[in-house]
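*Asks:* Generate coordinates for the entire structure from the input sequences, incorporating the hints supplied.
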Amino acid sequence: MFPMDLGPHAGFIVAAYAIALAVVAGLIAWIVLDHRAQVRILEDLERAGIRSRSDARDELP
Amino acid sequence: MRLSELANPSHFNALTERVLPWLVVATMLAFALGLYQALFVAPDDYQQGATVKIMFIHVPSAWLGMMGWALMSASALGTLVWRHPLADVAMKTAAPIGAAFTLICLVTGALWGRPTWGTYWVWDARLTSVLILFLMYLGVIALWRTVEDPSRAARAAAVLTLVGAVNLPIIKFSVDWWNTLHQPASVLRLGGSTIYPTILVPLLIMAVAFTLLFVTLHLSAMRNELLRRRVRTLRLMRAAAANP
Numbered sequence: 065m066f067p068m069d070l071g072p073h074a075g076f077i078v079a080a081y082a083i084a085l086a087v088v089a090g091l092i093a094w095i096v097l098d099h100r101a102q103v104r105i106l107e108d109l110e111r112a113g114i115r116s117r118s119d120a121r122d123e124l125p
Numbered sequence: 477m478r479l480s481e482l483a484n485p486s487h488f489n490a491l492t493e494r495v496l497p498w499l500v501v502a503t504m505l506a507f508a509l510g511l512y513q514a515l516f517v518a519p520d521d522y523q524q525g526a527t528v529k530i531m532f533i534h535v536p537s538a539w540l541g542m543m544g545w546a547l548m549s550a551s552a553l554g555t556l557v558w559r560h561p562l563a564d565v566a567m568k569t570a571a572p573i574g575a576a577f578t579l580i581c582l583v584t585g586a587l588w589g590r591p592t593w594g595t596y597w598v599w600d601a602r603l604t605s606v607l608i609l610f611l612m613y614l615g616v617i618a619l620w621r622t623v624e625d626p627s628r629a630a631r632a633a634a635v636l637t638l639v640g641a642v643n644l645p646i647i648k649f650s651v652d653w654w655n656t657l658h659q660p661a662s663v664l665r666l667g668g669s670t671i672y673p674t675i676l677v678p679l680l681i682m683a684v685a686f687t688l689l690f691v692t693l694h695l696s697a698m699r700n701e702l703l704r705r706r707v708r709t710l711r712l713m714r715a716a717a718a719n720p
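First to last, the sequence lines map onto chains W and V. So in my numbering the end of the first sequence lands on 125, straight run, no missing numbers. So in my numbering the end of the second sequence lands on 720, straight run, no missing numbers.
Bear in mind the hints are in silico, worked out from the structure with no lab data behind them. Think of the CB as a built atom: it goes at the ideal place given N, C-alpha and C, for glycine as much as any other residue. There's no promise every hint is true.
Claimed, not checked - Distance windows between CB atoms, simulated: (1) W/Asp108 x V/Trp498: 56 to 64 Å; (2) W/Ala74 x V/Gln659: 35 to 43 Å; (3) V/Arg559 x W/Asp108: 25 to 33 Å; (4) V/Ala546 x W/Ile105: 30 to 38 Å; (5) W/Arg111 x V/Val500: 27 to 35 Å; (6) V/Ala715 x W/His99: 20 to 28 Å; (7) W/Arg100 x V/Ile608: 31 to 39 Å; (8) W/Ala86 x V/Ala715: 38 to 46 Å; (9) W/His99 x V/Trp597: 34 to 42 Å; (10) W/Met68 x V/Trp653: 14 to 22 Å; (11) V/Gln659 x W/His99: 38 to 46 Å; (12) W/Leu106 x V/Ser669: 47 to 55 Å; (13) W/Ala74 x V/Arg631: 48 to 56 Å; (14) W/Arg100 x V/His560: 38 to 46 Å.
*Replies:* Okay, here's the thing in C-alpha cells:
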C-alpha cells in the first residue's frame, strides 16, 4: 500500500519520479563503468611497459 | 593548495580523490532530507493538488540544465582565452550531465503539464527555448565525438558553447518577454519568492541535493576524462614506438 494519497493524477507523479531516477541512475552507471574501463586499459598498457615521460621522472630517486 | 595548482591534472586527481567520498555522502543526505520533505511534509497545492510534487524534481533539473551550460561557457572562456589545461575537460564532461538534467526537466514538465494545462507540450517560448538547449547539448556532444584531436575539438566546442550561451537569458526571461503557458518566475525574482515556505523550503533542499549531485558527477566524469587522455597518450607512444 502506498503511504501517500497522490490523488487522481498519481500516475503522472510516479512516472515523473521514476523517469528522473532512471536518467540519474543511467548517468551514475555510465560514469562508474567508464572509470572501471579506463583504469583497466591503463593497467594493461602499463603492464605492457608503456610509460609516459612523467611516470619515468616520478620514479627517479 | 593554490587554485593555479589545480591546473596540474595529478593535483586535481589527488584533490578529487579526497573530496568525492564526502560529496557522495552529502548528496545522499541532502536527497534523503529533500525527498522526505517533498513527499511527506510539503502540502498539496490548493489548485494543482498532489501534482505539485513534480515541481521538486522539475525545477531543480531546469536550473541545473541551465547551470550546466553556464559552466560550459565559463570553461569555454578558460579554453579560448587562458588555455587552462582543465577547462576543456570541464567543458566536455559537463555536456552529457547538463543534457541529462535538461531531459529530466523536459519530461517531468510534460508530465506536469498534462494534468495542469491539459496538454503535454505547447510550442511556447519557455518550452521551446529549453528544447533548443537540449538539442544544443546533443550538438556539442556530437562535436566532441566527431573531432578526434581533443585540443581541436575543444576550440570548436568552445565557440559553439559561447554562441549557445545566448539562449540562457532567452530561457530565463522568455516568460516575461512573451505570452507563454508556462508560469512566470516564482522563486528567483525581484521582490522575493511567491511560493509559500512549506513548499519553498523542500524545493530549495532538493535544489541543493541536485546541485551536489551535479558537482559529484561532474568531478567524477572529469577524473574519467583525464584517465581517457592518459590512455590516448600512452597508445600514441606505443604506436610511435612500434613505427619508429
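*Asks:* Run every hint past the structure and note whether it holds.
*Replies:* Verification of the supplied hints:
1. W/Asp108 x V/Trp498: 56 to 64 Å: violated (31 Å)
2. W/Ala74 x V/Gln659: 35 to 43 Å: violated (23 Å)
3. V/Arg559 x W/Asp108: 25 to 33 Å: Given range 25 to 33 Å: holds, Cβ gap about 32 Å.
4. V/Ala546 x W/Ile105: 30 to 38 Å: With a Cβ separation near 33 Å, V/Ala546 and W/Ile105 satisfy 30 to 38 Å, so the hint holds.
5. W/Arg111 x V/Val500: 27 to 35 Å: The hinted range 27 to 35 Å holds for W/Arg111 and V/Val500, with Cβ atoms some 30 Å apart.
6. V/Ala715 x W/His99: 20 to 28 Å: Since the Cβ atoms of V/Ala715 and W/His99 sit about 25 Å apart, the hinted range of 20 to 28 Å holds.
7. W/Arg100 x V/Ile608: 31 to 39 Å: holds (35 Å)
8. W/Ala86 x V/Ala715: 38 to 46 Å: holds (40 Å)
9. W/His99 x V/Trp597: 34 to 42 Å: Given about 36 Å between the Cβ atoms, the range holds.
10. W/Met68 x V/Trp653: 14 to 22 Å: violated (38 Å)
11. V/Gln659 x W/His99: 38 to 46 Å: holds (40 Å)
12. W/Leu106 x V/Ser669: 47 to 55 Å: Cβ of W/Leu106 to Cβ of V/Ser669: about 48 Å, so the range 47 to 55 Å holds.
13. W/Ala74 x V/Arg631: 48 to 56 Å: holds (49 Å)
14. W/Arg100 x V/His560: 38 to 46 Å: Given a distance of about 28 Å, which is not inside 38 to 46 Å, the answer is violated.
In the structure shown, a violation is registered for the earlier hints numbered 1, 2, 10, 14, in ascending order.
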